[in-house]
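Novice: Put the two chains together into one complex, using the hints given.
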Amino acid sequence: MKPFVSFEQISQVFSRPDGSSLMALKDVSFDIGRHEFVAVVGPSGCGKSTLLRLLSGLLMPTRGQVTLFGQPVTEPRDEVGIVFQKPTLLPWLNALENVVFPVRHKTGRVARADYERARELIAMVGLGDFCDRMPGELSGGMQQRLGIARALLLDPDVLLMDEPFSALDALSREEMGFELLRIWNERPKTVLFITHSITEAVLLSDRVLVMSERPGTLVSNIAIDLPRPRTVASIQEKRFHEYSSQIRDLIYRPHHAA
Amino acid sequence: MNTQVKSETLSTGRTMRPERGARLLSKQAPLLTLLSFLLAWELGCRLGEVPEYLLPAPSAILAAFTDVDAMRWLGHLWSTLRVALLGFLISIAVSLPLAIGMVRSSYLSRTLYPALVVVQSTPIVAVAPLIIVILGTGDAPRILITCLISFFPIVVAATTGMMSTPPELIELSRSLRARGSREIWQIRLPYAVPHLFSGLKVAITLSIIGAVVAEFVAAEQGLGYFVQFSTSYFKIPQAFAGLFFLSAVSLLLFRLVQLIQKRLFPWSLLETRQH
Ligand SMILES: Nc1ncnc2c1ncn2[C@@H]1O[C@H](COP(=O)(O)OP(=O)(O)O)[C@@H](O)[C@H]1O
Ligand SMILES: [Mg+2]
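For the protein sequence lines, the chains are A and B, in the order given.
Position one of the first sequence corresponds to residue 1 (this note's numbering), numbered consecutively onward.
Position one of the second sequence corresponds to residue 1 (this note's numbering), numbered consecutively onward.
It is worth saying that the hints were derived from the structure and are not from the lab.
One or more hints might be untrue.
Here are the simulated distance ranges between beta carbons [claimed, not checked]:
1) L259/B to S166/A: 32 to 42 Å
2) Q71/A to P97/B: 34 to 44 Å
3) P97/B to P17/A: 21 to 31 Å
4) V118/B to S29/A: 49 to 59 Å
5) V117/B to S15/A: 28 to 38 Å
Glycine included, C-beta positions come from ideal geometry on N, C-alpha and C.
For reference, chain B alone in the conformation it holds in the complex (with noise of 0.2 Å):
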C-alpha cells in the first residue's frame, strides 16, 4: 500500500509536464474540437460560396446575432424558460408521487405504467394543436406540452431508482418495524437520487424541446417562435442564431442540474465502494 502511494507521488513527479500539458489539452478538447468545427463551416462557406439562405457562415450568424435588439432576445427568453422551467417543476412535483405510488403498491404499478407508456408513445407534437384548441393560448397549454414530453424519464427514474435499493435495506427497514413512509423517504427516495438525477438531466432538455413544440403551434414570443418567424421570413442567419441561443439555453440548464447534483448530493457521485 505504502509501496504503490510512493511510486505513484514518483512518477508523477517525474512526469509532471508533459502530463500537466496533455490535461489542459484533453480539459480544452471540446472546446477546441468547437473551434475547429465552426473554423471549418466558416471556411467552407466562404470558400464554396454558399448561398446565405442555405448555409449562412458562422460570421453571418453572429452579426445576426448583435443586430437583433438585446431586449428583444430577453424577451423571448424569458417566454421559453418560463414555460421550460415550469412545464419541468410540474413534472418534478407530478413524476414523484405517481413512482411512490407505483412502489408501495403493485396494484399501481401494474395498471399506471401501461397508461404512462400510452401516454409517453402518443406524438404529443400531434397532440400539441388539440391542446391549444382545448386550453387556450396562454402559458397554460404550453406548459402542460412541456410536461407531457418531460415527465416520463423522471418517472422511470425515480421508479427504478427507487426499485434498486438493496434487498437487506428493506429487511433493515422491516426488521426495525420502521413506518412504510419512513422507507420510503428515508431510504428508498435518497436511494433514487443518483437516478433520478440522469433522468432530471434528460427530461431538462425535454422541457426545452417541450416549450419550443408549444411556440411552433401558438405563440408570438419565444426562443421557438423566433426560429419559426425569422425562417418563414427566410431570414436564415437569425434563425440560426435562435437556435444557437436556444442550444446554449439547453445546455445551461443541463449543466445547472448537474451543479444542484454537485451541490445538494455530493455523496451521489461518490462511487460508493461496496466490498
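Bound-form chain A, shown alone (with noise of 0.2 Å):
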C-alpha cells in the first residue's frame, strides 16, 4: 500500500527575475503516515515553505512527485487546510464571517450547516464568545486561532501550518502549542508543521524532518518517541534535551552535500 503522503525525490528549482535560477530543494524524499503529525525545522530560506506548497498542490515540483492518498497532487484540494504564517483574516469580516469564507469563496454562498460548523470550530479553538467581534480587535492569538478554525472548515484530512505561531509572544505561542495539540487529538489530522523552533518541533510532533541550507535537502528523519498527551513536563523530560540538542547539532553542523 501506497503511503498516505509521500515526497519522492523532489527538487524545486525557481528562475530568479534576473534569469539565473536557484535550487530550493534537492532530493528530498520522506513519507506522512495517516494522522501523523510531522514537523519540519531547518535554516529559514531552506524551502520549507517550498514543501507545504508543493503538497497544498499550489506549485508543481520540478524533478521528483508528490503523493496524497497515493495520487500525484496535480492541484489544490479540499482535502488539504492551509494555516499561514501571519493570520491573514479579511479584515472587514467578523470572526464568523472570516471563518466560514472558504465555503463562501469557493461556492458563493453559505448554508445555515456551514454557520453551525463554523460556530462549533470557533468554540472549539476557545472563541465561542467572540464570532460577531472583528478582526482588528483581536489579539494575534486569537487571530490566528481563526486561522486554524477556518482552515478545518472543509474538514481536510491534511492540515499545512507555516511557522503559525511565529508572529506570537512566547508565552501565547506555547499555549497555542498545547491549543494545537488538544484540537489534533478531537479531531485527528495528518499534520506538516513548519517551525523553526526546535523546542516547538520536538514537543508538538511524532517525527521531526531536519533540513539543510540551501539547496535543502534533508538531513535527518528523527521519530520522538515521547509519550502523549505532551505537557509542561515532557519539556522537563531527559529524553526531550536529548531530541533537542540532538536537531540542534544537525543543524549548526556544518553540512557537505553527500
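Specialist: Given below as C-alpha cells:
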C-alpha cells in the first residue's frame, strides 16, 4: 500500500528575475503516515515553505512527485487545509464570516449548516463568545486560532501549517502549541508543521525532519518517542533535551552535499 | 495586563481636569487658528489701510457675500456641484474597471498604465478649450474635463490597494480553486478599500478644481465663473466671497467622503493588529 503522503525525490528549481536559476530543494524524499504529526525544521530559505506549497498543490515540482492518498498532487484540493504564518484574516469580516469564508469563496453562498460548523470550530478553538468581533479587535493569538478554525472548515485530512505561531510572543506561542495538540487529539489530522523552533518541533510532533541550508536536502528524519499527551512536564524530561540537542547539532553542524 | 489597565484608569482619574481642558483645546485648535488668522487679517487691513482691490478685509468679504442674493448663490453652487459630482462619479465608474483590468492582466497593465500616465501628465487646463470646442458648451465637456483631472488618483489607489493584498490570501483563494472574479470581488477589492478612499479624498477635491477649470474656459453659471466674472469687474470682495464659498464646498465634500468611509467601511479605519 502506498503511504498517505509521499515526497519522492523532489527537486525544485526557481528562476530568479535576473534569469539565473535557484535550486530550493534537492532530492528530498520522505513519507507521512495517516494522522501523523510531522514537523520540519531548518534554516530560513532552505525550502520549508516550498515543501508545503508542493503538498498543497499550489506549486508543481521541477523533478520528482508528491502524492497524497497514493495519487499525484496536480492541483489544490479540499482535503488539504492551510494555516499561514500571519493569520491573514479578512479585516472587513467578523470572526464567524472569516471562518466560513472558504465556503463562500468557493461556492458563492453559505448554508446554515456551514455557519453551524463554523460556530462549533470557533468554540473549539476557545473563541465561542467572539463570533461577531472584527479581526482588528482581537489579539494575535486569537486571530491565529481563527486561522486554524478557518483551515478546518472544509474538514481537511491534511493540515499544513507554515510557522503558524512565529508571530506570537513566547507565552502565547507555547499555549497555542498545547491548544493545537488538543485540537489534533479531538480531530485527528495528518499535520505537516513548519517551524524554526526546535522546542516546538520536539514538543508537538511524532517525527522531526531536519533540513540543510539551500539547496534544501533532508539531513535527518527523527522519530520523537515521547509519550502523549504531551504537557509542560514533557519539556522537563531528559529525553526531550536529548532530542533537542541532537536536532540542534544537526542544524548547526556544517553540511556537505553527499 | 490588569495592573496596566488599573494604572491607566488611576492616572486619568487623577489628571481628569487638565486633560479635559487640553483635549477641548486640541479639538478646537483648527477653529481657533482660523479665527486668530481672520482677526489678524482684519486688523492688518484696517490698520495698514490696505485698499480693497488689493486685499479686502474679512468683514468686507462677508458683506459682499450677503449682498449677493441667496438664490443666485444656489444657482452657481448647483451648477458647479452638478458637474463636480457627476465628474467624480463617472471617474469612479471608469477607474475601477481600469484598475481591475490592470490587476488581472499584466498585458493591460503594461499597455494601459503608460497611456494613463500620459493623460495625467498632460496639462488639462491647456486642453480644456479644445474639449469645449469639440463638445460644445453643455455639461458634457465640463464633466469630461472634471473626469480627466480627477480619475488618476482613483486608478492608482485602487490598483495599489488591490496589488498590496497579502500573497497568503491569494494563495488561500487559489487553494480553494475559486473563480478569478471572486478573488477580485471577495478579496482584492475589499482589501483596496482603505487605499481607495485615500484616492477618493484627493479625487473629490480635484473634481471641484476640474469643474472650476471648465467654468473658467466657458460657462455662464457656477462658482468658478462667479469668481472670474467678479474679478474681471474688479469686485474683489465678491470674488473672495466666491472663493471662500468654493473652498467650503470642497472641504464639505472631502468630509462627506470621510463620513461615507466611516459609515460604510468602519473596519477600514481600524488598524488591524496582524500579529
Ligand atoms: N516563487 C518563487 N520564485 C523564486 N524563488 C522562490 C520562490 N519561492 C521560493 N523561492 C526561493 O526558494 C528558497 C526557499 O524558499 P522557502 O521555501 O520559502 O524557504 P523557507 O520557508 O525554508 O524559509 C528561497 O531562497 C526563496 O527565495
Ligand atoms: Mg517559509
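Novice: Decide, hint by hint, whether the structure agrees.
Specialist: Going down the list of hints, with the structure as the test:
1. L259/B to S166/A: 32 to 42 Å: At roughly 40 Å between Cβ atoms, S166/A and L259/B fall inside 32 to 42 Å, so the hint holds.
2. Q71/A to P97/B: 34 to 44 Å: holds (41 Å)
3. P97/B to P17/A: 21 to 31 Å: Given a distance of about 30 Å, which is inside 21 to 31 Å, the answer is holds.
4. V118/B to S29/A: 49 to 59 Å: Roughly 55 Å apart at Cβ, these two residues keep to the hinted range, so it holds.
5. V117/B to S15/A: 28 to 38 Å: holds (29 Å)
Every hint, counting from the list given before, is met by this structure.
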